[in-house]
Amino acid sequence: MDFSRFNAAEQAQLNRVIEKKQMQDFMRMYSSLVDRCFNSCINDFTSKAIGSKESTCLTNCADKFIKHSERVGTRFAEYNAESHTSQQ
Amino acid sequence: MDFSRFNAAEQAQLNRVIEKKQMQDFMRMYSSLVDRCFNSCINDFTSKAIGSKESTCLTNCADKFIKHSERVGTRFAEYNAESHTSQQ
Amino acid sequence: MDFSRFNAAEQAQLNRVIEKKQMQDFMRMYSSLVDRCFNSCINDFTSKAIGSKESTCLTNCADKFIKHSERVGTRFAEYNAESHTSQQ
Amino acid sequence: MSPGGVDHEKIEGAVIELDMMTDVFNRMVATCASKCLSQRYAEGDLTKGESVCIDRCVGKFIEANKVIGEKLRESGGGLNPGGI
Amino acid sequence: MSPGGVDHEKIEGAVIELDMMTDVFNRMVATCASKCLSQRYAEGDLTKGESVCIDRCVGKFIEANKVIGEKLRESGGGLNPGGI
Amino acid sequence: MSPGGVDHEKIEGAVIELDMMTDVFNRMVATCASKCLSQRYAEGDLTKGESVCIDRCVGKFIEANKVIGEKLRESGGGLNPGGI
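Residue numbers (full-length UniProt numbering), protein chains in the order written: chain U, 1 to 88; chain P, 1 to 88; chain E, 1 to 88; chain V, 1 to 84; chain Z, 1 to 84; chain S, 1 to 84.
Bound-form chain U, shown alone (with noise of 0.2 Å):
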């Protein structure tokens, strides 16, 4: 987002707005994980405890998300950042 048109106490509060925003953000990012993960990985209810291939697939799966989700990211920058130098 463009920021230039904002003043200083319009981009505090915007900067307070975003914050929080980044938080529900955060959780929102651990409760989608949580789920993938547990649905790829955890197929086994015979046991109680979580064995170490499932872990490892928890921290794979997990590991993964994360990268995806950052590329993502930076593609989807790339083309905001593009529609707004052709938009001027």
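Worth double-checking, as some hints may not be accurate.
[Unchecked claim] Pairwise CB distance ranges, derived in the manner of DEER restraints: (1) S/I16 / Z/D45: 17 to 25 Å; (2) V/S75 / S/H8: 42 to 50 Å; (3) V/G69 / P/T46: 44 to 52 Å; (4) Z/I16 / U/Q13: 30 to 38 Å; (5) S/S34 / V/G5: 37 to 45 Å; (6) U/A8 / P/N43: 44 to 52 Å; (7) P/F3 / Z/H8: 15 to 23 Å; (8) V/S38 / P/S86: 32 to 40 Å; (9) P/F3 / U/A81: 17 to 25 Å.
Hints were generated in silico from the structure; no laboratory data involved.
Every value quoted in this text rests on a predicted model; they were computed, and no experiment measured them.
Heads up, the beta-carbon is just placed ideally off N, CA and C, and yes, glycines get one too.
Based on these hints, arrange chains P, E, V, Z and S on the given structure of chain U.
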């Protein structure tokens, strides 16, 4: 919804709420159309741009889903009107 | 949740919040039951009304899912109680 | 309350009713789409078969809401997460 | 603060904690249902096999929360959409 | 408005824009994960194939947003639940 039980001031306030909700509904519809139709129509990631077959599929999908929503809305309104009548 | 750290006024306020949330939870449970059980039990759209087999399936599905939620709740509470104890 | 005044509780009740109907509608749209719409999208119009399916799906969905609503009213609970 | 007064930050913290537990509970209910419940619904009671599966599913779900929570704490980020 | 004052409408507009971008981003992450990521999780890094797929998926998702946005602007409606 039966509006006859509200006075003019109440109807005005409700209308503002409804307008805001319609905007939200429109955005939700937009999002669900993109998710649904992208999921059904875009399965080739060997190319960068959307092809003409994919584009036709997206347009048909959106078209069909909008008509689907309208039909569900019409039937739902009929059921609500009936159950409202039969309650009196 | 451990309520001992709240005074009477705070507990009263929290209770109002909790009551409101329980109402929302009830509605969410209702919605998810309808979606889940309709999806599992209703697959015949050659007739207009729900048949007796479908009706039994809906009732069993709701019954089972409610018991499932209760069991998950009981186990979750046990884990929370344990982890609370082990933290002290 | 003076005539022309606004009864805030009545408004709030109407908004809750509105939200509930919107929620039922949205879930009905999603559920009946997955039950009735072909995923092929060869054309933008509803086929005759899809239209008939939608009409019946809406009726059955409303009926299922009632069946499950009664069931839930009987049993009452099971909604207390984590011993809160 | 006077005795009997309300500490609003403490209340807000408790509400956030409540929301998080409710969220975990709801996702646990949905996930363990898809892992453990038969879709046939021949009866309304949980079978012995379903009950055992649910108990283990809850335990493993809580453990998975911890494993992934640690992972996420390490890596920190990747949560900045669209260069905002 | 005095210099240094806060234009609340401008702020609200920015927050709405932010929410919309976050929503698009989150849906893009979920959709492209289901299209591009292997469910096997043999390693924590993105493979070359997954990376290329993600890049194209993001581009196509943004394009699909435009195609469907235009369609929706043409048709206008179908969004009136239950005769409200």
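Verification of the hints:
In this structure the hint that S/I16 and Z/D45 lie 17 to 25 Å apart at CB is violated, the actual value being about 49 Å. As the Cβ distance of V/S75 to S/H8 is approximately 48 Å, the hint placing it in 42 to 50 Å holds. A hinted range of 44 to 52 Å holds for the C-beta pair V/G69 and P/T46, which are about 49 Å apart. Distance hint check: the CB atoms of Z/I16 and U/Q13 are about 22 Å apart, inconsistent with the given range 30 to 38 Å.
The hint said 37 to 45 Å for the Cβ distance between S/S34 and V/G5, and at roughly 52 Å that hint is violated. Distance hint check: the CB atoms of U/A8 and P/N43 are about 49 Å apart, consistent with the given range 44 to 52 Å. Judged by the Cβ atoms, the range 15 to 23 Å given for P/F3 and Z/H8 is violated: they are separated by roughly 38 Å. Between V/S38 and P/S86 the beta carbons are some 35 Å apart, a value that agrees with the proposed interval 32 to 40 Å.
Restraint check, P/F3 to U/A81: a C-beta distance of roughly 48 Å breaks the suggested window 17 to 25 Å.
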